[in-house]
Amino acid sequence: MTSESSRSRASGGIVGLLVLALFVACVASAAASTAPDGMAFVAETAGFASSARDSVAAASPLAEYAVPNLPATASTAIVGAVGCSLVFGVAMVASRAASVFRRSRDDQRGRK
Amino acid sequence: MHVPDGYLNHATQLGTALLATGALSVALARAPREFTVERGPAYIGAVAAAVFAGQMMNFPVGSGTSGHLMGGVLAAVLIGPWTAMVSVAAVLIIQAVVFADGGLSAIGANFVLMGPVAIATGWLLFRGLARILPSRTWALGAASGFAAFLSVPAAALVFSALHAIGGVTRVEALQVAQAMLSWHVFIGLGEALITVAVVVSMRVWHPELVRGWPSAKARSDVLV
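Residue numbers (numbering that gives the first Met the number 0), protein chains in the order written: chain S, 0 to 111; chain D, 0 to 223.
Here chain D stands alone, though its shape is the one from the complex:
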């Protein structure tokens, strides 16, 4: 879901760039509170690299269309939501500058979508589920999978709104929203599968590297 240059008008690009700058500033300020000895800069770099790699791996979602991982919820469950935003920013910057993936003038919009929007919806959903589910690994999989799944159509919906407000080409907004949602529900399934696989594997092999678990119910859960 990388918006190229030209889709959105200058006002919308500027507006989302301002939002993105604000969100990233807050994320940089709050991220260090989520760090630990194990989950430090090197691990954060590795998570960001994994998100980048996942985004390269487009998977088909129907004849003629593909999807790719966004990775926001995956990162959030591993390193925390604010740190995840920093990682997503790193991915998007390198993609836009080095690989021309996503327009440079659209980078604010892309960060708003794959950063705060995806991570906020996914993280809130994940924490809500964590509160009511037991502290078992299957519950971690279910909560992170569901949160990751919904984060994708959420971002698709916000893109549809952005395009309705500031799209350069005037098109039927509801038609765009409907089409974006239907495809991104399927792409969300892929996001969920990848997220569950990585998060559960990490939990099994290196539980200290999963910030989002244990759940709110069992903070004193012994991880080692």
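Just chain S, with the same shape it has in the complex:
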């Protein structure tokens, strides 16, 4: 299989995974449980929940995965789309940068 055709075959998987991610983040997560997660629950019962402090980022417009003044479905959709896009972008750019840096370092050392 040529590099070109294997890459185009794989792109189906990439797109599929992204579609799944967007569906879960934008649509399905509206049905997610709102109960405190395991750590928060243990903190509550063991007595150290009160030590929690608000993050500086609590001032972000998307804090707590909600857009203020929007109905829940729209808010979830936006939060999911923004989050997935940003994470996708950061991970992709970081990987590309790491790969480029590694290749230039290998070239410098005369390695293939």
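These are computed hints drawn from the structure, not numbers from a lab. Computed from a predicted structure; not experimentally measured. Treat the hints with care, since some could be wrong.
If you want a taste of the chain D side facing chain S, the calculated C-beta under 8 Å gives, among others [claimed, not checked]:
1. Met0
2. Asp4
3. Ala41
4. Ile43
5. Ala48
6. Ala49
7. Phe51
8. Gly53
9. Phe98
10. Ala99
11. Gly166
12. Val167
13. Val170
In this text, a Cβ means the ideal position worked out from N, Cα and C, and glycines have one as well.
Go by the hints and put chain D onto chain S.
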């Protein structure tokens, strides 16, 4: 399992931040060796996005409690352990900065837990199982599921230790560890189910996108 600001004292936050920086640096250096033409930056981005989405989908684990995917082992089986660490870092950074999910001063601790701790325990377990199991898809499911399952209480245990060492509020450490472990065993089941579903689906439809398989036993397995 996102630690907020305030749970851990400054020394512990600093210590875990240093550990996290070290681990992430190593991961960034070693990740490119795990890339292929198909499993390149775009796929890595997609895996990271899927982990982010999975973490939004809290599931109930008993009345009054929920759990969510950590995704470290899932990512590791798809793209390799070092690349998985890079992806988890991307998820945690966006969560902390944009959504205030996980404290900014606790981001080192959160990365240590959901990155190196979860991925190392899960990956080592996965590879160990892969060595003794046949190269069949059910074995991939069993190995990745079991590894994903155990990665969750492992991270919970390390959090308990971190809190015992540097928790701002003095509480009974063993009680915390016991409670964390019992809940996270159940959350681990959810992690395992999601991991198996995604990994096996990928293996069936796009085997070239699953780095962790074929197993160590059958490196020459023809994937196409």
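Okay, the hints, checked on the actual structure:
1. Met0: 5 Å, holds
2. Asp4: Nearest chain S Cβ about 4 Å off; hint holds.
3. Ala41: Holds, about 5 Å.
4. Ile43: Holds, because the Cβ-Cβ distance from Ile43/D to chain S comes to roughly 5 Å (cut-off 8 Å).
5. Ala48: Constraint on Ala48/D satisfied, holds at 4 Å.
6. Ala49: 4 Å, holds
7. Phe51: 4 Å, holds
8. Gly53: With a closest approach of 7 Å, the Gly53/D hint holds.
9. Phe98: Holds, about 5 Å.
10. Ala99: Nearest chain S Cβ about 4 Å off; hint holds.
11. Gly166: At 6 Å from the nearest chain S Cβ, Gly166/D passes the 8 Å test, so the hint holds.
12. Val167: 4 Å, holds
13. Val170: Cβ of Val170/D sits 5 Å from chain S, so the hint holds.
Checked against the numbered hints above, the structure breaks none of them.
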